[in-house]
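Q: Next come the chains, spelled out residue by residue.
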Amino acid sequence: MAYEKVLTRNVGRPEARTVAGYEKAGGYAGLAAAVKMQPEEVIEEVKKSGLRGRGGAGFPAGMKWGFIPKDHDGPKYLVCNADESEPGTFKDRLLMEHEPQQLIEGCAICCYAVGAATCYVYIRGEYTAANAIMEEAIRDAYSAGILGDSVMGSGFKLDMYMHVGAGAYICGEETGMLESLEGKRGQPRVKPPFPAIVGAFGAPTVINNVETLANVPHIVERGADWFKSIGTDERNTGPKLYAISGHVERPGTYEYPIGVPFRTLLDGCGGMWRGRELKAFIPGGASAAILPGEEHLDLAMDFDSIAKAGSMLGSAAVMVMDETTCMVRSVARLAKFFNHESCGQCTPCREGTNWMELLLTRIEKGEGREQDASLLSNICTHVAGNSLCALGDAAVGPVKSLVETYSDEIERHVREGGCPFPPIRVFGNGNGRPADAVHPAAGEAAG
Amino acid sequence: MPTVTIDGRTLEVEAGTNLIDAAQRIGVQIPHYCYHPRLSVVGQCRMCLVELEGSPKLQAGCSTQVTKNGMVVRTDTPEVREAQKGMMEFFLINHPLDCPICDQAGECGLQDYAFKHGQAYSRFEYEDKRTYPGRERIPLGPNVLLNMNRCIQCTRCIRFTEEIAGTGELGFFNRGARTEIGIFPGKPLDNPLSTNVVDICPVGALTSTRFRFAERVWYLDKRPSVCTGCDVGCNVTLEHRRGRIRRYKPRFNPEVNDYWMCDYGRATFERYETLPRLAAPRLRRAGPEGNGGAPAPAGWGRALDAVAERLRAGGRIAVLGSGQLTTEEAFLFAELARAAGGAALPLVRTEGPERTIPNLHGGITGRERHPNRRGAELAGFGGDGGPSADDLVVGDAAAGLDVLVIADGDLGPGAHDDEAVARLRKAAFLVVFGWADTPLARAADVALPVATHAEKDGTFVNVERRLQRFEQAFPPPGQVRPAVEVLAELLAALDGRGWAGVGTARAFARLVEARPELAGLDFDELPPTGTPLPGFDEDREDMEKRAPASPVARDAEGQGV
Amino acid sequence: MSEPTGRPAAEGVTGGNASAGPPGGAAAPPPAVGAGYGEPWPATPPSEPVIDGDARARLDELLRRYPTKRAALIPALHAAQRRCGGWLPDYAIEEVAAALELPPAEVYGVVTFYDLFHQKPVGRHRIRVCTNLTCQLRGSDEVMEALAAELGVDEGTVTPDGRCSYTHFECLGSCDTAPMMMVDDTYHENLTPELAVDVVRGLD
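Chains as they are written, first to last, in my numbering: chain A, 1 to 447; chain B, 448 to 1008; chain C, 1009 to 1212.
This is chain A alone, in the form it adopts within the complex:
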């Protein structure tokens, strides 16, 4: 039976950006149903569905909603995490640009369920187009009575605002986002207390990713059982957007039931770029361990299967690398990313990510030493688990997998005093083939 798309069914239909167009396509049935249910019932349904956070952590969404205190005297908030800065991730942007009403619907249902009267959509500052589309969609939603004093006539009051970020990956971290929303440096907070108790402006707050919230209307409309029927098992349920990029023919966002085998994903986007050999792929963003391609072709792309394979699904940002790719260079680039994005508060991340970038750059340049691999590994153990937030742990991910899986490449850099792979020349000589290797090594000639 062909998979019928859920989250991206309106992509390519600009009229669905309006309330009228979205409703005509079947939208807002979920919200209409939700406001007739008890809020606790909505939370139960989402819990039952097994929906896990789509932003990277994979935390059960219904459980998170359940943490919000029921009788709380004061405001509560939903902050929709549209910061999407994880390298390789671009699915939320697609959802906002093409399915803005779906996101509004999901946010509204969540707010209704937890009793939040205000929703801030924290969108990264670089997404100017998506922000404009969302602003327009929200305006339309207010006119249509979806937002405002009485959501769909239910008497439930909800205000929704776009809040534009200013360029910092760490603001995608929950408490970093809250700090940034409150007008401060986006420096993550010490936890506990957790945002469900002390969140935005000191009030109980739910923070959910765009894609997570996009699933909610469908769960409420069609039921948790339906949602659970999609996917691998009851811990890995529902539709999933996969953002695949790198050395594939047709990079893009693809919707599949969660747990699609990697092979299917690869074939579905046209296979390897220019017919090259698959070397490795990162299944879920810059902090996921690198998986050698051949051994993992049949890997089910869901949370638990990938975790068992030693990596993580994360944001499902699938980055595919072919045989011309130098792993040291790639990980050095990721290390540079983490060093740049570290907020600088805590010692292991501030100093550790800096040191790792310096080390990897040195190795890539050909000035590596014998002991550098074990030094890198040891630095990883001092950073992992000791930092104030998860960015420290994330930064360690690719470095650890480089040392564990590709130590031979490190050795080659050290032995040969340089990078054994040719420099990346995509456009170099007009025929799309990379230029000749600078350090041609036996059996590794360019092309």
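It should be emphasised that the hints constitute simulated quantities derived from the structure, not laboratory data. Any given hint might turn out to be false.
Stated by the list, open to error - Have a look at the derived ranges for each label pair, beta carbon to beta carbon: (1) A:F59 / B:L458: 33 to 39 Å; (2) B:N621 / C:D1206: 32 to 38 Å; (3) A:S374 / B:E918: 52 to 58 Å; (4) C:R1171 / B:N621: 25 to 31 Å; (5) B:D575 / A:D267: 43 to 49 Å; (6) B:E459 / C:D1068: 49 to 55 Å; (7) B:S487 / A:R235: 38 to 44 Å; (8) C:R1171 / B:D575: 46 to 52 Å; (9) B:S487 / C:P1053: 30 to 36 Å; (10) C:P1057 / A:S374: 57 to 63 Å.
Stated by the list, open to error - Computed cross-link-like contacts, DSS-like style, restricted to lysine-lysine with a CA-CA straight-line distance of at most 27 Å: (11) B:K576 / B:K532; (12) B:K634 / C:K1077; (13) B:K634 / C:K1128.
In this text, all values refer to a predicted model and were calculated from it rather than measured experimentally. Glycine included, every Cβ here is placed at the ideal spot set by N, Cα and C.
Fit chains B and C to the supplied structure of chain A, relying on the hints for placement.
A: Coordinates of chains B and C only, in the frame set by chain A:
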């Protein structure tokens, strides 16, 4: 109250106590940089990581609170020690090897923890240390210099200016490995509490312009003392070497100044280096006309004889003092006045800009520039029946006096003013007790050199009526003597009564006998946090009542000092 | 605000499992360049305030969205930066700080934390080239080289005619159209070095 077990020992603590504080109560020191008991918890330095049973990761001690029974904490496991080593290595990889030129050496958090918790070698061998070019000696304000290369980004200084000083001049700029502290251009760190950031900076990133390169701290001897800058009476540690005070640092007293003191107070001891010292007693011998001969050095015996003789002769006798006198000195001066049938006059009062020192009781505000006006009044100064300081200094009242004893030769800037000196000189016989060789001392018939604050014991009573004791740091030089000793000798000559050999402690004991509000107090047993006296805190209303500053206490522009 | 994405809507994700971008390699025509920042304001304070009547009204509207004044800071800084021609001079920062009753040092800390706030003029146009992993794999280095050659300045430096400056940037969320760059508020995707140069030549 919940119980917690730390390294095998169980103790009860108030709910909400963090693990660093809890451990300290049983003498276990969990290392930390960013945590400070008076600042918000940020959990940034990661030095305080400890093992908490049930948690897969190490937990930061500063941000983990004891909330329920049964928490089991271990601070010295191999895993904890490995994390500490790792953190120390991270701190040091970008830290400059400045110890040979850095003020902080000897009292440096990095040195101490590197020794205790670090490893003896660096693996950061082939990379370049991060530096902040051009930020090696930036004045953040008049009192504080920044060397950004040394900073470990603990943010204590920033939190201090925000939360304690309330002025917010310091900020955290940039991100990641490039973060730095600094000021907004054109808005320097300039509040009365600014130098406290130097104290709380664990490393030599923030240094005091006043103390920079002044002394190696391991040469300093330290003594608990009390600041003489105003009537708050901040507790200080007086740090000295070879008879010179080199630095004041605040001494923790949760009842008074907590962990803090103000910039003005830190500079008070510098006065002792700016004026020439009165080194020996001086006696003005009768000239051809009887009076007005040149003063010449004399031994203590002859000098005191001269004084005693004139006091015994009687007549109108007055003792003029100030709040700079210790309680014991003031008592003996008052006794001397009584024994001679004279009056201990109302004190010279001063007034300056208000200084509030934050503490957990809402802070203490001092306005008077002398530390012990209340103690001196308690000890007997201020009775009726005599001229006021104004009468003496601005008026001609001194002309009516047979003997005028100036108990504090450094009464104020006015004591150096030629006109004021001339008016005081109108007394028939002028005795000046002082440490400095000032025009007033030179005008005296008898000038008696007495100890400075560091050279004597004593007590002060502060604005809240708290009695605080301070200790002698080093003996007075040469022929200089503590005023109490000198007064005891004079009293012995005038009044017998077993005054011979009375020192500070016994003077205090006699004061206790004479004042019911001091009943039960023993000089040697005074508690370190001070003793509230009756009327404690009522005098806070006094802070509202503004007594005009006496002319001697005003400087040339008429400002109180 | 600028027009929606430079990627024509018709080439967005369609039904089935097709890609979100145009099929492998063939580039769509580059989109129209969005409005630039205009001339950067001078470093010394001009006579007119940054927060003028219009901006004050917008700030007041912003303040209604949040329970604290401080929360309006980042939106206010965005607006102030726009007004000052793409950067935030110290006097602009001070004005915003005063308007929101925040210590200037704290606002300075916020400005310096985020990559989209600039404390130096960036030219009438600011180019950000993504060089994160998959853009790197698809040739972002070569785009950077082409820009360097075309503009004749190092990254982070404004061209002598004040037209623009360029820097490398982290992932901009357009990995399916790598390599790509952001010029002012517009994404330019599926670049080749030549296309990138074309875009730049079209800047005023």
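Q: Against this structure, judge whether each hint is valid.
A: So, going through the hints one by one against the coordinates:
1. For the pair F59 (chain A) and L458 (chain B), the supplied restraint of 33 to 39 Å holds, since their beta-carbon distance comes to about 36 Å.
2. Between N621 (chain B) and D1206 (chain C) the C-beta distance comes to about 35 Å, which sits within the given range of 32 to 38 Å.
3. A beta carbon spacing of about 56 Å between S374 (chain A) and E918 (chain B) agrees with the range 52 to 58 Å that was offered as a hint.
4. R1171 (chain C) and N621 (chain B) have their C-beta atoms about 28 Å apart, which keeps the hinted 25 to 31 Å range intact.
5. A beta carbon spacing of about 47 Å between D575 (chain B) and D267 (chain A) agrees with the range 43 to 49 Å that was offered as a hint.
6. The hinted window of 49 to 55 Å between E459 (chain B) and D1068 (chain C) holds, with their beta carbons roughly 53 Å apart.
7. The hint said 38 to 44 Å for the Cβ distance between S487 (chain B) and R235 (chain A), and at roughly 39 Å that hint holds.
8. Here the CB-CB span from R1171 (chain C) to D575 (chain B) is close to 34 Å, at odds with the stated 46 to 52 Å.
9. With their beta carbons about 35 Å apart, S487 (chain B) and P1053 (chain C) fall inside the hinted range of 30 to 36 Å.
10. Remark: the range hint 57 to 63 Å for P1057 (chain C) to S374 (chain A) is upheld by a beta-carbon distance near 59 Å.
11. For the hint pairing K576 (chain B) with K532 (chain B), the CA-to-CA distance comes to about 19 Å; that is within 27 Å, so the pair holds.
12. With a C-alpha separation of about 22 Å, the suggested pairing of K634 (chain B) with K1077 (chain C) holds against the 27 Å cut-off.
13. With a CA separation close to 20 Å, the supplied pair K634 (chain B) and K1128 (chain C) stays within the 27 Å bound.
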